[in-house]
Structures are given as structure tokens and as C-alpha cells.
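Visitor: Here's the letter readout for the chains.
2 protein chains.
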Amino acid sequence: MLSFAIGVDLGGTNLRIAAIEETGRPLETFNTSTEVKRGRDFVIDEMCRVIQVLSSKFSHTHQFLGTGVGIPGIIEMESGRLHSAANLPDWKDYPVKAEIEERLGSPVVLENDANCAALGEKWMGAGRDAAGLCMITLGTGVGGAFIFRGKIWHGMIGMAGEVGHMCVAAQGPACGCGGRGCLEQFASATAIRRMATEAIRSGNASGLANAIRNQELSAKVVFQQALLGDRVATQIFETAGVALGTALASLVNALNLPMYIIGGGVAKAWPAFSPAMYRELRKQSVVFRAGEDEHTHVNRTVITPAELGSEAGLIGAARLPMILKDSHHCSHIRVAAQIA
Amino acid sequence: MLSFAIGVDLGGTNLRIAAIEETGRPLETFNTSTEVKRGRDFVIDEMCRVIQVLSSKFSHTHQFLGTGVGIPGIIEMESGRLHSAANLPDWKDYPVKAEIEERLGSPVVLENDANCAALGEKWMGAGRDAAGLCMITLGTGVGGAFIFRGKIWHGMIGMAGEVGHMCVAAQGPACGCGGRGCLEQFASATAIRRMATEAIRSGNASGLANAIRNQELSAKVVFQQALLGDRVATQIFETAGVALGTALASLVNALNLPMYIIGGGVAKAWPAFSPAMYRELRKQSVVFRAGEDEHTHVNRTVITPAELGSEAGLIGAARLPMILKDSHHCSHIRVAAQIA
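Protein chains in written order, with my numbering: chain A, 1 to 340; chain B, 1 to 340.
Any given hint might turn out to be false.
Stated by the list, open to error - Output of the computed footprint for chain B on chain A, the stretches with three or more beta carbons under 8 Å from beta carbons of chain B:
| no. | segment |
| --- | --- |
| 1 | 164 to 174 |
| 2 | 189 to 199 |
| 3 | 286 to 295 |
Claimed, not checked - So, partial list: chain B residues that the calculated Cβ filter (under 8 Å) puts toward chain A:
| no. | residue |
| --- | --- |
| 4 | Met-156 |
| 5 | Cys-167 |
| 6 | Thr-246 |
| 7 | Leu-257 |
| 8 | Lys-283 |
What the hints assert, rightly or not - Calculated lysine to aspartate or glutamate pairs in the DMTMM-like style (CA-CA distance at most 20 Å, straight line):
| no. | chain 1 | residue 1 | chain 2 | residue 2 |
| --- | --- | --- | --- | --- |
| 9 | A | Lys-57 | A | Asp-45 |
| 10 | B | Lys-92 | A | Asp-45 |
| 11 | A | Lys-92 | B | Asp-293 |
Honestly, the hints are just simulated from the structure, not real lab data. Please read these numbers as outputs of a predicted model, since none were measured by experiment. Built from N, CA and C at the ideal position, the CB exists for glycine as well.
Please build the complete structure, drawing on both the sequences and the hints.
Guide: In C-alpha cells:
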């Protein structure tokens with residue numbers, strides 16, 4: 001009998017839930033219209049209701065392993081509390097894991113959403129064959145996650161992966177984090193929009209100014225203009241690419257991981273930013289160049305767009321109870337050995 | 001019966017060998033006058049001779065576990081060959097491990113010297129209580145090493161730890177690696193000397209110019225002048241501190257490790273560069289600030305000078321066969337469990 005688990009993607013705005021088989025096959029996906037802003041108790045009620053429907057539905061044909069929940073915030077792994085979450089203010093210090101586990105009567109694993117996305121890409125996406133990887137998510141902000149030796153790297157206080165706040169330009173724009181010239185100030189959707197706004201205001205971006213007569217300014221519009229050959233839009237994505245290449249060079253030099261996955265909405269603009277990204281990375285990283293075959297020019301360090309899009313977090317969340325099961329299995333073996 | 005192992009520190013100029021007990025107590029240290037530039041075969045002969053003397057001397061009272069050799073170069077861990085080593089040209093592609101193991105008839109483990117130093121600090125130095133750490137060595141160049149979950153992190157092709165080539169100033173001085181503004185261009189002994197030379201040539205550093213009338217210009221002289229309150233020397237170490245703080249901020253943000261150890265000769269100038277380093281780190285790293293207790297201001301992320309000085313590499317090298325023994329022990333348990 002195959003097993004399955006349920007993944008929950010608790011975003012700042014929406015709640016998505018899926019039952020996924022251990023093979024990676026999605027059994028059923030539930031895109032609730034639940035508005036997360038209606039508050040914690042409402043969301044927990046709805047989440048538990050859907051999980052119970054899905055878990056009983058497939059428990060006739062599959063073994064149910066539990067539920068993984070991806071949350072955009074810092075999680076205390078030991079206690080299963082949410083330490084902080086900018087977009088979920090009323091969830092702070094709430095014992096999420098204990099509360100849901102009690103209602104469901106089955107195992108619940110919490111994880112930061114960026115880590116879930118990396119786990120999803122590792123399991124079913126771009127990172128399938130990688131022993132270790134770093135995922136960088138270019139969205140409203142820039143997030144990140146690391147997988148070393150097959151396991152998520154949380155860091156000492158669960159804050160590993162803040163690659164969006166790596167400094168790529170000492171004299172760059174001020175960042176909300178208190179620093180200057182953070183990667184997020186160049187390679188997030190917010191930064192792309194800011195750079196475009198600045199260019200339009202300066203009067204030097206007639207193409208972009210025309211483009212936003214009938215639509216709102218967004219990173220997507222800037223990308224469309226870059227594809228049409230607009231000079232300013234092209235330059236904005238080159239700036240983003242150079243910043244990303246600089247951050248990647250530092251990561252590749254320091255960690256020499258086999259794979260770096262670029263995800264998030266802005267990653268769709270890959271053709272516009274990746275040439276500058278690769279150029280900067282090759283220039284700044286002796287370790288990247290060392291991985292390049294001198295004849296074929298194939299590089300052993302893989303930089304690649306994500307494959308699962310916005311599904312990555314949901315898929316990764318469902319993976320969490322499966323990993324838990326595997327690690328329990330290992331510790332049983334060790335205990336058995338000690339007894340023997 | 002306690003066990004012991006032998007550590008070898010094969011530097012670019014000297015060869016040092018020590019027998020160290022599993023408790024960390026040094027049994028005997030052998031500072032040979034072997035000149036490494038006399039070539040590979042000469043060095044291997046001398047190394048094996050000393051190892052045999054030491055191993056038989058203590059084998060009456062201790063169990064001998066093997067030899068660990070720290071080498072300044074990139075090592076193919078599987079084959080035990082030296083992939084490349086800038087200061088040991090005739091060792092390239094040489095099967096060091098196989099050759100020494102055959103002569104000695106006991107286990108030999110090779111490791112990069114920066115990794116050995118980190119392992120030494122983890123075992124007997126500043127990193128004793130740290131679950132994971134990053135060590136940055138400020139010497140002629142700037143090197144580094146990572147220990148995650150107690151184990152050295154080698155990276156995909158053994159090149160992890162090149163933190164000296166993290167970019168800290170996009171428009172900074174060109175580096176030998178091909179990049180620009182690498183940490184090494186600000187925080188190595190070579191960089192300190194270069195900045196001092198530039199200041200003297202510009203005619204704006206009378207204090208430094210006077211100081212080198214009777215002695216050669218070195219990072220140590222610049223540090224002495226900084227201690228005496230010389231403005232230019234102080235500024236040079238502030239520049240080094242800002243660069244180090246910038247690199248640390250990126251590492252802390254990305255990895256959230258509990259400890260970062262600063263070693264190498266330049267680390268002795270801690271009082272001169274660390275205030276600027278901490279200031280920059282606090283400014284640029286949201287993760288560092290999150291680790292600070294709001295009342296006591298004690299930070300859970302520890303940045304600390306190394307404790308073992310130039311002994312770290314030797315001690316870490318001797319640790320290698322002890323770790324090998326422990327990991328064999330674990331795999332025996334696993335095999336036993338599978339059979340049971």
C-alpha cells in the first residue's frame with residue numbers, strides 16, 4: 001500500500017492544501033478561497049476541516065503519514081511555535097503544531113515556506129539529482145534556503161537563508177532590513193518596479209512610460225518591454241542580473257554547492273537577467289570557473305530556474321511527514337542495534 | 001588504553017609533525033627543519049621516518065589510530081590525490097594517501113590545511129562548544145572553512161571555504177583570482193601592507209614612513225602604529241574591519257551559524273579591526289541583530305578570535321584519524337542492524 005501526506009501552503013493571502021502520494025503524484029489539490037486575513041482561528045478551522053476530508057478520502061487506498069505546513073515566518077522547530085511572521089501578526093507565539101495535531105490526531109510538521117519550496121524542488125523539481133542545493137526566490141522580496149547532505153539547513157535560530165540581505169553594493173540603496181545595497185534592492189519584483197519608476201520619473205524611459213498608460217507598472221511589464229528591446233527595461237534586468245551574479249559568486253566561492261535554483265515570479269524573466277548574472281558570476285567566482293570543463297564549457301556548478309513554480313512550497317510541505325517517517329525508521333534501526 | 005594519532009602540517013615552507021592523544025594532550029611535537037622546497041620525495045621520506053619513530057614510541061602505552069595530513073591545496077577526497085597546490089607544484093596529481101599508507105602500513109587521511117585548522121579549533125580551541133562554525137583565516141591570503149553538524153563541509157569539488165574571494169566592494173581593487181574587491185584585497189596581511197605602501201607613497205603617512213626606517217613594512221608594523229594611535233594605520237585596519245564585517249554579514253545572513261572564528265596572523269590585530277567589523281556586521285545583518293538579547297546585548301552569534309594560533313592545523317590533522325574511527329564505528333552498528 002502506497003502512503004500519502006498532506007501539504008499546506010499558508011501564504012500571506014491564500015491557503016492551499018494538497019494530498020500527495022509518496023511517489024510525488026498529486027491525489028487532490030484544494031485551492032480554498034480562505035482569506036488568511038480573516039484571522040488565525042478561522043484559518044485553523046478551515047485548514048483542519050479540509051485536511052480531515054482529504055485524509056479520510058484517501059485512507060482507504062493509501063497509508064496516511066501526516067501533514068506538513070509551510071508558513072511564511074520563523075519557526076521554533078523544537079516547540080512548533082511561530083516565532084514571528086510579518087504577514088501573520090496574530091499567529092506570533094501561537095503553538096501551531098500542538099493545536100493542529102490535537103485537532104487532527106495525526107503528526108504535523110511545520111516548516112518555513114522558503115525551505116518548503118527548496119524541499120519541493122529537491123524532491124520533484126530542478127534539484128532532483130543534486131546532493132545539496134541553494135534556492136533563491138525572487139518575489140516581492142528575495143528569500144532563500146539551503147539543503148546540505150539532503151537535509152534542510154535551518155541555522156542556529158531558524159534564520160538561515162536570508163540571502164536577500166547579502167550585500168552586493170556597499171553604497172547601494174537603503175534596505176528595510178537596516179542595511180545598504182542588499183540583493184533584494186536589485187533583484188526582487190519590488191526593486192524592478194522601483195528602478196522602472198525612477199527611470200520614468202527621470203524622463204529617460206519613454207518606452208516604459210508608454211507601456212504603463214493602459215496597465216499598472218509591474219516587474220512583468222518591465223520584462224515585456226525588455227523582450228521588445230527597450231533599452232531602459234533591458235538595463236534594469238542587467239542590473240538585477242549583476243546583483244544576482246555577485247551574490248551567487250559569494251555563495252559559490254564560500255560553499256561550492258552543486259546547484260543553485262532561482263525561483264519566484266521574477267525568475268520568469270530568466271532570458272533578461274541571466275546573461276548578466278552568468279557574466280558576473282564567472283568574473284567573480286574562482287570556484288565557479290574551476291567547475292567548468294575546458295573543452296565542453298559545461299559547468300559542474302548548475303545555476304538553473306526552478307521547475308515547479310508556485311507549486312514548489314505545497315509539494316515540499318507534503319514531503320515533510322515523509323522525511324519524518326524515514327528519519328524515525330533510521331533511529332529505530334540504531335536503537336535495535338544498540339539493544340542487539 | 002587511550003589512543004593517539006599523528007598530525008602532519010605540510011606548509012609551503014615547513015613540515016611539522018605531532019603525536020596527540022585522543023584527549024587532545026600533545027605527546028610529542030616534531031618541528032623538523034625539513035625544507036619543503038627540497039621536493040616531494042625528500043619530504044615524503046622525512047615525513048614517513050618521523051611518523052614511524054613517533055608511532056612506535058607511543059604504541060607501547062597507547063593504541064595508534066593513524067595519521068592525518070594537512071596540505072595547502074585541493075584534495076580529491078575519494079582518491080587521496082592532490083588535485084592542485086600552488087606552493088607544492090611537484091605534488092600535483094600525486095597519490096599522496098596511497099603512497100604514504102603503503103610505506104607506513106597504517107591509515108592515512110588527507111585534508112586541506114584550512115579545514116584542518118577549523119577542525120583543530122572545533123576540537124580543542126574556540127569552537128569546542130559550537131554545533132557548527134565558519135573559520136576565516138587572515139594570513140598572506142584569506143582562507144576559510146565550514147563545519148556543519150560537526151563535519152567538515154568540502155563542497156562538490158572540495159573547493160568550499162574560498163571566503164577570501166567573496167566580493168565586498170564591487171569597484172574595489174583587482175584580485176589575483178580574476179575578480180574585483182575580494183575580501184582578500186582588504187583583510188589579508190598582503191592587503192594591509194599594500195594599503196600602507198600606497199599611503200606612504202602618497203606622502204600622507206609620515207608615522208608609517210618613520211616606522212619603517214629601521215624595519216621592513218609588514219602588517220605587524222602597521223598594527224603597532226595603530227596601537228600607538230597613528231591615524232593612517234588606524235584607518236587601514238578600519239578598512240579591513242569593514243570588509244570583514246561585510247563578508248561576515250553575508251555569511252551570517254545566509255547561514256545563521258552559531259560561530260565564526262577569525263584566525264591567521266592578522267587576527268592578532270583584533271583590537272584594531274574588530275570595532276569596525278562589529279559595526280558593519282550589526283548594520284548589514286538582520287540575522288546577527290536577531291540573535292542579540294535586547295537586555296544584555298549578548299549575541300547568540302559568536303564572532304571570536306581563534307585560540308590555537310598556528311597549532312590549529314596540526315591539532316586538526318591529528319583529529320582526522322580519530323573521526324575516521326568514530327564514523328567506522330557508526331557504520332558497523334548500521335551493518336549489524338541490517339543483518340539483525
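Visitor: Are the hints correct? Go through all of them and say.
Guide: Taking the hints in turn, this is what the structure says about them:
{"no.": "1", "hint": "164 to 174", "result": "holds (count 6)"}
{"no.": "2", "hint": "189 to 199", "result": "violated (count 0)"}
{"no.": "3", "hint": "286 to 295", "result": "holds (count 5)"}
{"no.": "4", "hint": "Met-156", "result": "4 Å, holds"}
{"no.": "5", "hint": "Cys-167", "result": "5 Å, holds"}
{"no.": "6", "hint": "Thr-246", "result": "6 Å, holds"}
{"no.": "7", "hint": "Leu-257", "result": "7 Å, holds"}
{"no.": "8", "hint": "Lys-283", "result": "6 Å, holds"}
{"no.": "9", "hint": "Lys-57/A with Asp-45/A", "result": "18 Å, holds"}
{"no.": "10", "hint": "Lys-92/B with Asp-45/A", "result": "64 Å, violated"}
{"no.": "11", "hint": "Lys-92/A with Asp-293/B", "result": "18 Å, holds"}
Comparing the model with each numbered hint stated earlier shows that hints 2, 10 do not hold.
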